[in-house]
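A.B. asks: Please arrange chain B on chain A, whose structure you already have, making use of the hints.
Top line first, the protein sequences correspond to chains A and B.
In terms of our numbering, the first sequence opens at residue 4 and continues consecutively.
In terms of our numbering, the second sequence opens at residue 30 and continues consecutively.
Hints were generated in silico from the structure; no laboratory data involved.
Be aware that one or more of the hints could be misleading.
Claimed, not checked - List time: in silico DSS-like cross-link candidates among lysine-lysine, alpha-carbon distance up to 27 Å:
| no. | chain 1 | residue 1 | chain 2 | residue 2 |
| --- | --- | --- | --- | --- |
| 1 | A | 19 | B | 94 |
| 2 | B | 31 | A | 248 |
| 3 | A | 108 | A | 51 |
Unchecked claim - Stretch-level coverage of chain A by chain B, calculated; a stretch enters the list once three of its residues show a Cβ under 8 Å from a Cβ in chain B:
| no. | region |
| --- | --- |
| 4 | 5-13 |
| 5 | 69-79 |
| 6 | 246-256 |
Unchecked claim - Label pairs and their computed distance ranges (CB to CB):
| no. | chain 1 | residue 1 | chain 2 | residue 2 | range |
| --- | --- | --- | --- | --- | --- |
| 7 | A | 420 | B | 50 | 37 to 47 Å |
| 8 | A | 108 | B | 58 | 22 to 32 Å |
| 9 | B | 103 | A | 413 | 39 to 49 Å |
| 10 | A | 53 | B | 119 | 34 to 44 Å |
| 11 | B | 55 | A | 284 | 34 to 44 Å |
| 12 | B | 98 | A | 73 | 13 to 23 Å |
| 13 | B | 38 | A | 269 | 38 to 48 Å |
| 14 | A | 418 | B | 103 | 25 to 35 Å |
| 15 | A | 18 | B | 55 | 39 to 49 Å |
| 16 | B | 63 | A | 181 | 50 to 60 Å |
For each residue, glycine too, the CB sits at the ideal point set by N, CA and C.
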Amino acid sequence: MLTIHDILETNQMIQKNNLDVRTITMGISLLDCCSSDGKTLCRNIYDKITRYGEHLVQTGNDIGNEFGVPIINKRVAVTPISIVAACSDLTDYVSVAQTLDKAAKEIGIDFIGGFSALVERGYTEGDRKLLASIPEALATTDLVCSSVAVGSTKAGINMDAVAEMGRIFKTLGELTKEHDALGCAKLVVFSNPVEDNPFMAGAFHGVTQGDSCVSVGVSGPGVVKRALESVKGEPFDVVAETIKKTAFKITRVGQLVAQEASRRLNVPFGIIDLSLAPTPAVGDSVAAILEEMGLESCGACGTTAALALLNDAVKKGGLMASSRVGGLSGAFIPVSEDKGMIEAVERGSLSLEKLEAMTCVCSVGLDMIAVPGDTSAATISAIIADEAAIGMINNKTTAVRVIPVPGKTVGDVVEFGGLLGHAPIIAVNTFRNDEFIARGGRIPAPMRSLTN
Amino acid sequence: MKAVITVVGVDRTGIIAAVSNIMAENQVNILTINQVILDNIFNMAMIVDLENSAVDLNGLQQLLKEKGDQLGVEIRAQNMEIFNAMHRIG
Numbered sequence: 004m005l006t007i008h009d010i011l012e013t014n015q016m017i018q019k020n021n022l023d024v025r026t027i028t029m030g031i032s033l034l035d036c037c038s039s040d041g042k043t044l045c046r047n048i049y050d051k052i053t054r055y056g057e058h059l060v061q062t063g064n065d066i067g068n069e070f071g072v073p074i075i076n077k078r079v080a081v082t083p084i085s086i087v088a089a090c091s092d093l094t095d096y097v098s099v100a101q102t103l104d105k106a107a108k109e110i111g112i113d114f115i116g117g118f119s120a121l122v123e124r125g126y127t128e129g130d131r132k133l134l135a136s137i138p139e140a141l142a143t144t145d146l147v148c149s150s151v152a153v154g155s156t157k158a159g160i161n162m163d164a165v166a167e168m169g170r171i172f173k174t175l176g177e178l179t180k181e182h183d184a185l186g187c188a189k190l191v192v193f194s195n196p197v198e199d200n201p202f203m204a205g206a207f208h209g210v211t212q213g214d215s216c217v218s219v220g221v222s223g224p225g226v227v228k229r230a231l232e233s234v235k236g237e238p239f240d241v242v243a244e245t246i247k248k249t250a251f252k253i254t255r256v257g258q259l260v261a262q263e264a265s266r267r268l269n270v271p272f273g274i275i276d277l278s279l280a281p282t283p284a285v286g287d288s289v290a291a292i293l294e295e296m297g298l299e300s301c302g303a304c305g306t307t308a309a310l311a312l313l314n315d316a317v318k319k320g321g322l323m324a325s326s327r328v329g330g331l332s333g334a335f336i337p338v339s340e341d342k343g344m345i346e347a348v349e350r351g352s353l354s355l356e357k358l359e360a361m362t363c364v365c366s367v368g369l370d371m372i373a374v375p376g377d378t379s380a381a382t383i384s385a386i387i388a389d390e391a392a393i394g395m396i397n398n399k400t401t402a403v404r405v406i407p408v409p410g411k412t413v414g415d416v417v418e419f420g421g422l423l424g425h426a427p428i429i430a431v432n433t434f435r436n437d438e439f440i441a442r443g444g445r446i447p448a449p450m451r452s453l454t455n
Numbered sequence: 030m031k032a033v034i035t036v037v038g039v040d041r042t043g044i045i046a047a048v049s050n051i052m053a054e055n056q057v058n059i060l061t062i063n064q065v066i067l068d069n070i071f072n073m074a075m076i077v078d079l080e081n082s083a084v085d086l087n088g089l090q091q092l093l094k095e096k097g098d099q100l101g102v103e104i105r106a107q108n109m110e111i112f113n114a115m116h117r118i119g
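Okay, chain A solo, but in the shape it has when bound (with noise of 0.2 Å):
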């Protein structure tokens, strides 16, 4: 029987500490939209998305009505748009991501994703065509999010794609300028990307999925972080138990909240992704977790390992809780998303070299970073390719989401508003790395023993 502390415990969790569930995301297959006709294509795409979302958001709603747990966002993911729009005649993708935004805008979502490629391996002629449209495509749209998959463990990694990318942050910081470089927050590249994935900037249905799911991501830092604070000066063992234990009840709500979303729109469920996703909101921080297992201020030599234990008892705790896991599957360190992250870039604890250490033991990788508008585009491709070069040899997902502010330098804020946040701009390492940006073609795929 439930006793009145469980009820009260629940509760406090969900107004107190910032317990939500983070985003309902359904997952859309375009498959069958593809037309050889650009005019024909759009359509098919604008029907589908706004036949089976048309009651996602309301049903969210009512769902976080009914349980008295605040859903955040609802949003869909759809197949790759290299792959739906190849057999088009459309000499480039921007209208199809204006349909896009058309649609999501039609059913009320907070974000659509899937304006996406996968080039691990080389581009296809539609591949092309995305990656050329992705600036006047984020630029002219509100809620479409981009991703491009540029290697993977079994592929190596694409530098020609890498090398590409850091043009396209570029430009499309300088389209979005006039709202600090917005648009470079709705792309990110991947090294092993996931299909599953309900997380934006990241997220995409991919070609081995069904026709349509629904999968939900949870969220619950601040929750985390009140139970370790009950545990002061404890062992390790202590701290990870804990973790397990409040990860466990936050992933049940969240498969809950999957069930239900998957009965009443009668659509399979996906996933549920354990990640711990923060806010800008106070209280709802995952360096604020870090801190409180000792740390003076995140950043500080410890903070690797810190999150390594966070990451892989969130793992342990949820996997129990839910019956099918996947996604991205771990806590996220975005930047400007994170209060405690943000107060640990202006204290100076924390620098972009720390933020690489700590993607090698967490997902997902170097995520909301406002780097100075004059990182060049070699720079920010050789970023794109040491976090890809992460998770290729450690068979993982990482990805970069960086925001090249132009006219904005090391001290300067910008202010991105909403779940976004605000970001100071960090400092990049300025010695060159043109020529080795300018070679192209493949890192090769790595061995899989010897793993020293």
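C.D. replies: Using the frame of chain A, we list chain B on its own:
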């Protein structure tokens, strides 16, 4: 459907009576009531059954919110499954 009604706020006379009245008026069956004072704050949890009630959960939430505003306490009504999911296995 079973729901959990929680009341959180400064203790005063008549809170349980007021909430119970709303249940009676709407044929909502009260299954259990518990209360505890934590840090000088009054906390009450009531498990109710809406099976044969005259209102749905949405309607009940509305009525309870109005009553909570009058009494100066926060009253929530939630589907009980969220608590079972978090605290009960099996």
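A.B. asks: Failing hints, ascending?
C.D. replies: Hints 8 and 15 are the ones this structure does not satisfy, whereas the remaining hints hold.
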